[in-house]
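Engineer: For the sequence shown, the working numbering assigns the number 1 to the initial residue and increments by one for each residue that follows.
Hints in this document: simulated from the structure, not taken from any laboratory.
By construction, the Cβ of each residue, glycine as well, lies at the ideal position given by its N, Cα and C atoms.
Fair warning: there could be bad hints in the mix.
Said to hold, decoys possible - For each label pair, taking beta carbons as the anchor points, the in silico distance ranges come out as:
| # | residue 1 | residue 2 | range |
| --- | --- | --- | --- |
| 1 | 117 | 66 | 49 to 55 Å |
| 2 | 117 | 27 | 37 to 43 Å |
| 3 | 44 | 108 | 25 to 31 Å |
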Amino acid sequence: MPLSEHEQRMLDEIERALYEDDPKFATSVNVSRIRRRRPIVAGCLFVAGLVALVVGVIATQSLLAVGVIVSVVGFLTMVAAVGLFVFGQPGARAAKGMDKGADKAGPSLGNRMEERFRRRFDEPNQ
Numbered sequence: 001m002p003l004s005e006h007e008q009r010m011l012d013e014i015e016r017a018l019y020e021d022d023p024k025f026a027t028s029v030n031v032s033r034i035r036r037r038r039p040i041v042a043g044c045l046f047v048a049g050l051v052a053l054v055v056g057v058i059a060t061q062s063l064l065a066v067g068v069i070v071s072v073v074g075f076l077t078m079v080a081a082v083g084l085f086v087f088g089q090p091g092a093r094a095a096k097g098m099d100k101g102a103d104k105a106g107p108s109l110g111n112r113m114e115e116r117f118r119r120r121f122d123e124p125n126q
């Protein structure tokens with residue numbers, strides 16, 4: 001759930017105060033740096049899940065139960081990696097209008113549709 005404008009402003013003020021008080025600590029816990037790593041982590045998880053899936057299929061030739069369990073774990077790892085990649089994108093905040101660079105890109109289709117929906121029910125019926 002996205003933050004309201006007031007909450008986002010308060011969070012920005014807290015971040016600015018943190019950078020002013022302790023810039024070394026603030027740069028060490030930089031959230032944007034973590035967000036840039038998510039696609040790499042998601043890719044590695046996907047490959048690990050794919051390897052587990054193939055190993056599980058091969059293991060079903062000799063040990064059926066173990067092979068099935070390894071295959072299921074590999075598949076779930078792949079699904080989790082795709083979820084991390086899709087929902088953990090660095091541009092996700094910009095698409096929602098929360099990032100500082102979002103003004104340049106313009107609102108996304110989802111944001112425009114949501115705004116139209118809200119206007120439809122917020123305006124008094126004429």
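Engineer: When the structure is checked against the list of hints, which entries are broken? Sort them ascending.
Structural biologist: none
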